[in-house]
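**Q** Protein chains in written order, with this note's numbering: chain A, 1 to 276; chain B, 277 to 518; chain C, 519 to 758.
None of the hints are false.
Simulated restraints, written as ranges between beta carbons of each label pair:
hint : chain 1 : residue 1 : chain 2 : residue 2 : range
1    : B       : Val-340   : A       : Val-71    : 40 to 46 Å
2    : B       : Pro-356   : A       : Lys-128   : 33 to 39 Å
3    : C       : Lys-684   : B       : Ala-355   : 45 to 51 Å
4    : A       : Val-11    : C       : Gly-686   : 48 to 54 Å
5    : C       : Lys-684   : B       : Phe-296   : 53 to 59 Å
6    : A       : Gly-101   : C       : Ala-652   : 30 to 36 Å
7    : A       : Asn-272   : B       : Gln-487   : 31 to 37 Å
8    : B       : Ile-498   : A       : Arg-188   : 53 to 59 Å
9    : A       : Asn-272   : B       : Arg-482   : 22 to 28 Å
Honestly, the hints are just simulated from the structure, not real lab data.
Cβ coordinates follow ideal geometry from the N, Cα and C atoms, glycine included.
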Amino acid sequence: MSVTPSSEYVVPKLKSEVMISMLSKGLRISGRRVDEFRPISIVKDYIPNADGSAFVKLGGTQVLVGVKLEVGSPFPDTPNEGNLMINAEFVPTASPVFEPGPPDENAIELARVIDRGIREAKAINLSKLVIIPGRKVWNIWVDIYVLDHDGNLIDASSIGTLAALMTAKLPKVEVREGGEVIIDKNVRTEPLPLNKAVVTVTVCKVGNYLIVDPDLEESALSDVKVTVAVSEDGLITGIQKSGQGYLSEDDVLVIMNMALTKGKEIINTVKNLLTS
Amino acid sequence: MGKGGVKLIEGNLRHDGRKFDELRSISMTVGVLKNSNGSAIVEYGKTKVLAAVYGPREPPSKYVLLPNRAVIRCRYHMAPFSTHERKNPAPSRREIELSKVIREALEPVVMSELYPRTSIDIFIEVINADGGTRTASITAASLALADAGIPMRDLVASVAVGKVDGVLVLDIDEVEDMYGEADMPVAMAPTLRWITMLQLNGVLTRDEFIQALNLAKKGIEIIYNMQKEVLKKKYLSIKVEE
Amino acid sequence: MSSSLYVQNRELVTPGQLLCEGKVSVSTPTTVYCIDTKCYSAVVGLADIEGDKIGVIPLEGFYYPKVGDVVIGIVTSVGLTSWEVDIRALHPAVLYASDFLNRPLNPGRETLSDYLDIGDVVLAKVENVGRGRAITLSVKGKGFGKVCKGSLVEISSAKVPRVIGKKGSMLQLLTSECKCEIIVAQNGRILIDNCPNKDFEEIAILAIKKIEREAHISGLTDRVKEFIIKEKVRRGLFVG
Numbered sequence: 001m002s003v004t005p006s007s008e009y010v011v012p013k014l015k016s017e018v019m020i021s022m023l024s025k026g027l028r029i030s031g032r033r034v035d036e037f038r039p040i041s042i043v044k045d046y047i048p049n050a051d052g053s054a055f056v057k058l059g060g061t062q063v064l065v066g067v068k069l070e071v072g073s074p075f076p077d078t079p080n081e082g083n084l085m086i087n088a089e090f091v092p093t094a095s096p097v098f099e100p101g102p103p104d105e106n107a108i109e110l111a112r113v114i115d116r117g118i119r120e121a122k123a124i125n126l127s128k129l130v131i132i133p134g135r136k137v138w139n140i141w142v143d144i145y146v147l148d149h150d151g152n153l154i155d156a157s158s159i160g161t162l163a164a165l166m167t168a169k170l171p172k173v174e175v176r177e178g179g180e181v182i183i184d185k186n187v188r189t190e191p192l193p194l195n196k197a198v199v200t201v202t203v204c205k206v207g208n209y210l211i212v213d214p215d216l217e218e219s220a221l222s223d224v225k226v227t228v229a230v231s232e233d234g235l236i237t238g239i240q241k242s243g244q245g246y247l248s249e250d251d252v253l254v255i256m257n258m259a260l261t262k263g264k265e266i267i268n269t270v271k272n273l274l275t276s
Numbered sequence: 277m278g279k280g281g282v283k284l285i286e287g288n289l290r291h292d293g294r295k296f297d298e299l300r301s302i303s304m305t306v307g308v309l310k311n312s313n314g315s316a317i318v319e320y321g322k323t324k325v326l327a328a329v330y331g332p333r334e335p336p337s338k339y340v341l342l343p344n345r346a347v348i349r350c351r352y353h354m355a356p357f358s359t360h361e362r363k364n365p366a367p368s369r370r371e372i373e374l375s376k377v378i379r380e381a382l383e384p385v386v387m388s389e390l391y392p393r394t395s396i397d398i399f400i401e402v403i404n405a406d407g408g409t410r411t412a413s414i415t416a417a418s419l420a421l422a423d424a425g426i427p428m429r430d431l432v433a434s435v436a437v438g439k440v441d442g443v444l445v446l447d448i449d450e451v452e453d454m455y456g457e458a459d460m461p462v463a464m465a466p467t468l469r470w471i472t473m474l475q476l477n478g479v480l481t482r483d484e485f486i487q488a489l490n491l492a493k494k495g496i497e498i499i500y501n502m503q504k505e506v507l508k509k510k511y512l513s514i515k516v517e518e
Numbered sequence: 519m520s521s522s523l524y525v526q527n528r529e530l531v532t533p534g535q536l537l538c539e540g541k542v543s544v545s546t547p548t549t550v551y552c553i554d555t556k557c558y559s560a561v562v563g564l565a566d567i568e569g570d571k572i573g574v575i576p577l578e579g580f581y582y583p584k585v586g587d588v589v590i591g592i593v594t595s596v597g598l599t600s601w602e603v604d605i606r607a608l609h610p611a612v613l614y615a616s617d618f619l620n621r622p623l624n625p626g627r628e629t630l631s632d633y634l635d636i637g638d639v640v641l642a643k644v645e646n647v648g649r650g651r652a653i654t655l656s657v658k659g660k661g662f663g664k665v666c667k668g669s670l671v672e673i674s675s676a677k678v679p680r681v682i683g684k685k686g687s688m689l690q691l692l693t694s695e696c697k698c699e700i701i702v703a704q705n706g707r708i709l710i711d712n713c714p715n716k717d718f719e720e721i722a723i724l725a726i727k728k729i730e731r732e733a734h735i736s737g738l739t740d741r742v743k744e745f746i747i748k749e750k751v752r753r754g755l756f757v758g
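Excised from the complex, chain A in its bound form (with noise of 0.2 Å):
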């Protein structure tokens, strides 16, 4: 069952008028415009283990997105694609109102959310994940990890993910007579099956304002937003609306145009760290 949450960050009043007040201008106390997204650092394969990984700042959020590569039975609706399975935790590390236990829904939404964008937009070449039709293919498990709460966790996490799928290399695998298949984590081959780069784009309200990648405080004072995934060739792969506020059309018409825009650098600035 979903419950109204309780506030959990109250921002002084003194402080949100002058928030509100600035933005009139097109500003926001950090001095960033209402469209401009906050600094991005991508270390890339930061977890050995994992089979491809990155570490993503995004002004002061961070998230920590972990790709492992299994080999599994593919789902009897689709015997010749892999799988994608995303998953997000918020960890109790990142924020004093995050309690441990199994994702809630705020974790839930976050993971379907950046899911469905990567999914719908067919991002991932599934039907190159197979090593035996019909019987085995690649799992690609994505789990996002968020340890630190600066607000936009969603867009965050997506970068990462991106980043994540872009540096992951596939496993050597070999099928034996028999049907065995054998994995060697040593030899890595090549990286996945990437049709297309998707990242999210959140834009939120205050006050009458519309602005991209909210801090903790400016999430604090805005009731609603929209999280939109968005493709590198143009397209909406994705929109999730949520909090408990509302939009209008022209609201929603501008949010469409500034995600697109966005995500475009967005995608260009995560190729640009990635190859650096």
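Chains B and C: place on chain A using the hints.
**A** Chains B and C in isolation, oriented as in the chain A frame:
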């Protein structure tokens, strides 16, 4: 040809004979349960959903209470017999996400600040699932809240627009959802023109998105009018005994 | 003062329906809300327009206690110094022993259940409605306290005004025609007592239920009078 080789569009009609901008046959009834404060059953084609509202009332756990408003507790659940293959009654990740999405679709309209330290509980059971369960659920929950007399700024009406075989269509059913390219559920408070739920599962270009939103608005207006009628009908149909 | 009205008096309205625009005063702030100069209904109800005052009388709803309301409650729990009483409100109400006994309780010699036990019915006044805190009741005053006999009828508290009627006219009709003592509490509970016989009591109950069903249709007082007369004739009671 949609994925899976199912032909979803034939000329100007969909696989079930509907036009592109045609809703399924929709029926709504309120006040169907005796014990809850408000209730409604809504059917979009073969999708059948029951919503019940209890409250404002004291919740079993004081821990969830808020000092300045009522909390809204919302549960979206699919009955095990509602789907083709029996669904495990334990809450799935999808049901957890949809419970949140549906609650957030109704939060902006419920005047919860009038009832501090109480709980308004919305229970939704999907009795039969054939696509559009969350949209029928929001429509039903809205009716149940009005039936319970809980003050709201507006009713919320909801419908999903899909893209099948490249064509944008209104109120997709399960087949169109499974084999189509996009599924975009939308909920609005129509008089106030507030969008309270918006999701996309699939791929759309920016222009397709704008068209889809306009198509959704058309469907929402029709559903909203039906909601108003069914709420009034409860009183207008009471015949004065001669 | 310029204002436009979009509904007629007694029109059935739904949540979100635009009632009026311009300078008006709202007579029912929990069922009408305004954004800028536009006012909308928040519930399913009847528009109530009197001069430049606009309100909506809800047709559904729960009881929201106000200080001074007369309520009929049912004891649900017995504590050491107070009882918990259900008055069909959002929270249970509390009745303190000191109020009931008009003196402090002597815990050595008496327990509260000696006076009121679970299931007992009380007629009380709402003394205090603390924001979010428990509602306190008082039974001080003539006629208040434990109710030992009579029949209890429950209706939707939203319909109570109709059972009482304009200036008490409906209630007056019921008491004189059915010859019973009828106490209508604000929380939708009605006590019927001292009827000449069982038939009269039944007619009173049926009439009250009819009012609840047809609360939104005009001409109710006349219809109820006709109904009572017909029932009396049907049962062979003389009209008089």
